[in-house]
Amino acid sequence: MLTFNYALTQQDFVNYSIYVNWDAEENRKKKIIFLARQAFVSIVIFILLITSDIFKMYGDFRYAFYFLYFGLIIFSSFRIRHRYINAAKQFAVNPSNSSYFIQKEIIFSETGVSLKDNLSDSVFRWKSFIKNMKTKRIIFYSQVQYKHLLFLNE
0 MLTFNYALTQ QDFVNYSIYV NWDAEENRKK KIIFLARQAF VSIVIFILLI
50 TSDIFKMYGD FRYAFYFLYF GLIIFSSFRI RHRYINAAKQ FAVNPSNSSY
100 FIQKEIIFSE TGVSLKDNLS DSVFRWKSFI KNMKTKRIIF YSQVQYKHLL
150 FLNE
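Residue 153 is where the sequence shown ends in numbering that gives the first Met the number 0, and the numbering goes up by one at each step.
What the hints contain is simulated information worked out from the structure, not anything from laboratory work.
Do not rely on the hints blindly, as some may be mistaken.
Unchecked claim - Here are the simulated DSSO-like cross-link-like pairs (lysine-lysine), alpha carbons at most 30 Å apart as the crow flies:
no., residue 1, residue 2
1, K28, K88
2, K28, K126
3, K88, K30
4, K88, K115
5, K88, K29
Sequences are here, hints too, so could you generate the full structure?
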């Protein structure tokens, strides 16, 4: 049996959240779909603007528009990661989510993992875990019931 005390920090939660939601290799398909959708919508709008006669009225304005339009497309494509970071930070600073960041006593045994804190006592059996993921800093366990355990791997 192995016992230790641990408190997840808000920054650790943000790092975990951005990794699981965007940076993980498993999200490659999600990234490609997002970027393809961005490109498709942008190209359709661009074609509609070109086929309309709006640029005949303003002549040289179209080059400035092309530059700004493609800059906006590129900026919005890279902005998605920051949206995930901001959502995780908002979750972390919300007072109703403070129970995620309190000190916990974690007990690993042959039967499973037990988490104890001043608000709750939870027991997770090893057979209930369906997925695990390990990075250089984080060990992540996931259960069928959408409960997750997250530990720093230091």
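Exercise. Going straight from one Cα to the other, do K28 and K126 come out at no more than 30 Å?
Worked result: The given pair, whose Cα atoms are some 29 Å apart, holds under the 30 Å limit.
Exercise. Can the restraint linking K88 and K29 be considered satisfied, given a maximum Cα separation of 30 Å?
Worked result: At roughly 22 Å apart (the allowed maximum being 30 Å), K29 and K88 satisfy the hint.
Problem set entry | Holds or violated: K88 to K30, with C-alpha atoms at most 30 Å apart | With a Cα-Cα distance of about 21 Å, the restraint between K88 and K30 holds, given a limit of 30 Å.
Exercise. Has the given pair, K88 with K115, been kept, meaning a C-alpha gap of at most 30 Å?
Worked result: holds (25 Å)
Exercise. Given the hint that K28 pairs with K88, does the C-alpha gap stay at or below 30 Å?
Worked result: holds (25 Å)
Comparing the model with each numbered hint stated earlier shows that all of them hold.
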